[in-house]
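Given these sequences and hints, build the entire structure.
Residue 754, in the numbering used here, is where the sequence shown stops; the numbers in between run on with no holes.
Hints are not guaranteed to be accurate.
Distance condition first, Cα-Cα at most 20 Å in a straight line; then the derived EDC-like pairs of lysine to aspartate or glutamate [stated by the list, open to error]:
1. Lys652 <-> Asp601
2. Lys723 <-> Asp691
3. Lys628 <-> Glu594
4. Lys723 <-> Asp713
5. Lys623 <-> Asp601
6. Lys723 <-> Asp734
7. Lys623 <-> Glu749
8. Lys628 <-> Asp653
9. Lys682 <-> Glu627
10. Lys652 <-> Glu627
11. Lys682 <-> Asp631
12. Lys652 <-> Asp691
13. Lys650 <-> Asp592
14. Lys751 <-> Asp734
15. Lys623 <-> Glu594
16. Lys751 <-> Glu594
17. Lys572 <-> Asp601
18. Lys723 <-> Glu701
19. Lys723 <-> Glu749
20. Lys663 <-> Asp653
21. Lys751 <-> Asp601
22. Lys587 <-> Asp734
23. Lys652 <-> Asp592
24. Lys663 <-> Glu701
Label pairs and their calculated CB-CB ranges [what the hints assert, rightly or not]:
25. His730 <-> Pro630: 27 to 35 Å
26. Asp709 <-> Asn684: 20 to 28 Å
27. Lys628 <-> Gln696: 30 to 38 Å
28. Asn684 <-> Asp713: 41 to 49 Å
29. Ala744 <-> Ser662: 27 to 35 Å
30. Glu646 <-> Lys751: 30 to 38 Å
31. Arg695 <-> Asp631: 45 to 53 Å
32. His730 <-> Glu646: 33 to 41 Å
33. Gln696 <-> Pro630: 48 to 56 Å
FYI, nobody ran anything at the bench for these hints, they're computed from the structure. Idealized CB from N, CA, C, for every residue including glycine.
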Amino acid sequence: MKIILASASPRRRELMKYITEDFEAVSMDCDETLPDGISPMAASEYLAVLKAKAAAEKYPDCTVIGCDTTVICEGEILGKPKDKTQCIADISKLSGRTHQVVTGCCIISGGKVNSFSEVTDVTFRQLTAGEIEAYADTDEPYDKAGGYGIQGKGSALISHIDGDFFNVVGLPVARLFNELKIQD
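As structure tokens, then:
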């Protein structure tokens, strides 16, 4: 069965190639407004299901995968920074702290829906104001949840992680591979 990755993320598309080269990536336009009262830890899985269901309607004879990644610091979701001021505020919030990166995934195949979340703890080292501003001056933060890329210049901000590195990039490769095997 053909696999559809419902994602516009270039990083997610690259990581999917570690699982299979035989997939098509499509961007799904969905209203990503979260329902009132949803917990930050549940948000990414909710959005992954939303994206997968939208793609499954368009590609009913395919295995569809929807994903969404959120960065959560002290109970607050940090989205993609809109500007340098927000980027500096978000990276300052992460400085010297451990936060969670949650990637929700949803696989829809043959009418069956399987959704799950993978959580990785990421700890930033204590950063100086100059380091934060220098990072915000790069083009890297602005298309990434939490405003940093662990696979790029943002790696210098991190002291350690506990969990799946690829989950922080945007796709829990090992878990998704195993879940797809179970679907077969």
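Structure-based check of all given hints:
1. Lys652 <-> Asp601: Given pair Lys652, Asp601 holds - Cα atoms ~18 Å apart, limit 20 Å.
2. Lys723 <-> Asp691: This hinted pair holds, its Cα atoms lying about 19 Å apart.
3. Lys628 <-> Glu594: holds, 13 Å
4. Lys723 <-> Asp713: holds, 14 Å
5. Lys623 <-> Asp601: holds, 12 Å
6. Lys723 <-> Asp734: Cα-Cα ~19 Å, so holds.
7. Lys623 <-> Glu749: holds, 17 Å
8. Lys628 <-> Asp653: violated, 34 Å
9. Lys682 <-> Glu627: holds, 13 Å
10. Lys652 <-> Glu627: Roughly 31 Å separates the two Cα atoms, so the pair is violated.
11. Lys682 <-> Asp631: OK: Lys682 and Asp631 at ~12 Å, within 20 Å.
12. Lys652 <-> Asp691: Violated, because 24 Å separates the two Cα atoms, which is more than 20 Å.
13. Lys650 <-> Asp592: violated, 30 Å
14. Lys751 <-> Asp734: holds, 19 Å
15. Lys623 <-> Glu594: holds, 16 Å
16. Lys751 <-> Glu594: holds, 18 Å
17. Lys572 <-> Asp601: Violated. Lys572 to Asp601 sits at ~26 Å, over the 20 Å cutoff.
18. Lys723 <-> Glu701: holds, 11 Å
19. Lys723 <-> Glu749: violated, 31 Å
20. Lys663 <-> Asp653: Within the cut-off at roughly 16 Å; holds.
21. Lys751 <-> Asp601: Not satisfied, since the Cα-Cα distance of roughly 30 Å exceeds 20 Å.
22. Lys587 <-> Asp734: holds, 17 Å
23. Lys652 <-> Asp592: Violated. Lys652 to Asp592 sits at ~34 Å, over the 20 Å cutoff.
24. Lys663 <-> Glu701: holds, 14 Å
25. His730 <-> Pro630: 27 to 35 Å: With a Cβ separation near 43 Å, His730 and Pro630 fall outside 27 to 35 Å, so the hint is violated.
26. Asp709 <-> Asn684: 20 to 28 Å: Once the Cβ atoms are compared, 36 Å apart, the range 20 to 28 Å for Asn684 and Asp709 is violated.
27. Lys628 <-> Gln696: 30 to 38 Å: 47 Å Cβ-Cβ, so the 30 to 38 Å window is violated.
28. Asn684 <-> Asp713: 41 to 49 Å: violated, 28 Å
29. Ala744 <-> Ser662: 27 to 35 Å: holds, 32 Å
30. Glu646 <-> Lys751: 30 to 38 Å: Roughly 35 Å apart at Cβ, these two residues keep to the hinted range, so it holds.
31. Arg695 <-> Asp631: 45 to 53 Å: holds, 48 Å
32. His730 <-> Glu646: 33 to 41 Å: Roughly 22 Å apart at Cβ, these two residues miss the hinted range, so it is violated.
33. Gln696 <-> Pro630: 48 to 56 Å: holds, 51 Å
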